[in-house]
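With these hints in hand, go ahead and build the complete structure from the sequences.
Number of protein chains: 2
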Amino acid sequence: MGTKERRAREKEQLRRQILVAARELFVNEGYENVSMRKIANKIEYSPTTIYLYFKDKADLLDSVCKETLLNLLNTLEQLKNDKSDSVETLRKSGQAYVEFGLKYPQDYKLTFVIRPQFQKGLGLQEGSVGEKVFNYLREMVSECIQQKKFRQMDVETTGQVLWSAVHGVTLLLIDFPEFPWTEKDKLIDTVIHTTIEGLKA
Amino acid sequence: MGTKERRAREKEQLRRQILVAARELFVNEGYENVSMRKIANKIEYSPTTIYLYFKDKADLLDSVCKETLLNLLNTLEQLKNDKSDSVETLRKSGQAYVEFGLKYPQDYKLTFVIRPQFQKGLGLQEGSVGEKVFNYLREMVSECIQQKKFRQMDVETTGQVLWSAVHGVTLLLIDFPEFPWTEKDKLIDTVIHTTIEGLKA
DNA sequence: AATCTAACTTAACAGTGTTAATATTATATC
DNA sequence: GATATAATATTAACACTGTTAAGTTAGATT
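Protein chains in written order, with this note's numbering: chain A, 6 to 206; chain B, 6 to 206.
No lab work stands behind these hints: they were computed from the structure.
These numbers were taken from a predicted model, which means no experiment stands behind them.
It cannot be assumed that every hint is accurate.
Stated by the list, open to error - Taking lysine to aspartate or glutamate pairs in the EDC-like style, the calculated list, with each CA pair at most 20 Å apart, reads: (1) B:K71 to A:E183; (2) A:K191 to B:E34; (3) B:K191 to A:E161.
Structure (structure tokens):
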């Protein structure tokens with residue numbers, strides 16, 4: 006009697022439907038400007054149905070962000086296979102990180118700026134996707150230090166310095182699109198290059 | 006006939022009163038969670054009175070941010086008198102920038118993250134306070150390059166790299182207070198030091 | 001066929017930013 | 001001092017918001 010299974014599948018399907026609709030609206034119109042009613046309209050259910058699948062609007066945001074982090078993680082992990090120089094791999098990772106942020110600017114802001122605002126005290130949950138992303142960074146950095154290509158500094162600090170740099174340039178480019186930046190790719194390159202050179206010194 | 010002057014002064018006074026109340030509420034409860042009615046209650050006027058002094062809520066935010074930028078500018082300009090090494094002055098400026106952000110985290114986010122979200126296409130207005138702040142950075146950087154203490158790179162890019170670094174670490178520290186950062190001051194120092202070393206190389 | 005349960009909807013609450021029309025107050029003129 | 005005029009402030013309303021509690025419907029189990 007596969008009824009239960011079918012029902013469970015249908016339930017999961019609707020959950021995904023909600024998630025997809027929410028992401029699309031959040032990304033296109035901004036988290037603040039999306040109402041539960043708008044999401045409900047899009048999926049052609051009543052607004053309150055959403056509350057059967059998600060605790061509240063913040064929980065919906067949380068789930069959307071989790072997906073974003075998974076996407077980011079996938080993007081980064083693909084660089085692992087690249088068997089080139091460890092510093093070069095790190096450079097590429099930084100580049101991929103910023104590119105990801107600029108490719109999905111609203112997703113990036115949702116995850117790294119909006120969410121912490123609504124979900125306070127957001128650390129690195131044990132086993133969370135966020136932790137996995139940062140672990141990736143730890144690995145990359147660790148290799149550079151062990152191979153003495155970087156100054157002998159603790160992995161944590163080194164990683165955090167790199168994260169600061171890429172996070173900073175990503176957000177500035179997203180938030181101030183009208184600012185007279187030097188050519189975008191050049192700026193990104195220079196930020197990453199400068200930081201890496203600084204970590205060697 | 007000083008009546009007009011007095012009236013103008015009174016008007017300015019109420020404007021300031023609104024601004025002070027708005028800043029306090031924005032900072033303590035977050036822009037989103039502050040309603041015009043709340044601000045009105047605080048100053049003991051009806052909500053619609055605010056609209057006689059500010060176009061809308063975003064305009065109110067704008068004015069609050071302008072003040073924040075003025076504060077930041079003042080903080081930075083005080084370092085100008087410091088007649089030490091140009092690189093050292095730049096380092097101190099970076100430190101002061103991050104410290105400012107961490108001292109008034111909500112003001113910083115309001116100005117550099119929330120405002121651009123509500124006031125899109127925000128560039129560097131001619132004569133704006135924001136422009137003055139960035140001009141300060143240009144000056145500092147320019148000196149370092151001219152004195153050949155930095156690699157010969159254009160002032161714009163160099164400045165933007167520095168801004169990325171300090172902006173990044175400031176926001177990360179604000180947004181993820183529960184993240185297992187290395188000791189805060191050490192991290193800030195290292196970010197700035199690393200970036201500067203990278204700019205020398 | 002009766003009961004139970006899961007899925008979904010309706011109606012409502014207390015709140016939001018903002019506008020238009022109205023009322024109040026203070027000044028200037030006669 | 002009374003009156004017209006301008007500046008300032010308020011009331012009432014509109015169309016929204018997130019969320020909860022109660023009610024409805026359809027399908028599965030007994």
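Pair hint K191 of chain B and E161 of chain A, alpha-carbon separation not exceeding 20 Å: It holds: about 12 Å lies between the C-alpha atoms, which stays within 20 Å.
Pair hint K71 of chain B and E183 of chain A, alpha-carbon separation not exceeding 20 Å: 18 Å, holds
Holds or violated: K191 of chain A to E34 of chain B, with C-alpha atoms at most 20 Å apart: With Cα atoms ~39 Å apart, K191 of chain A and E34 of chain B exceed 20 Å; violated.
The structure fails to meet hint 2 from the earlier list, while all remaining hints are met.
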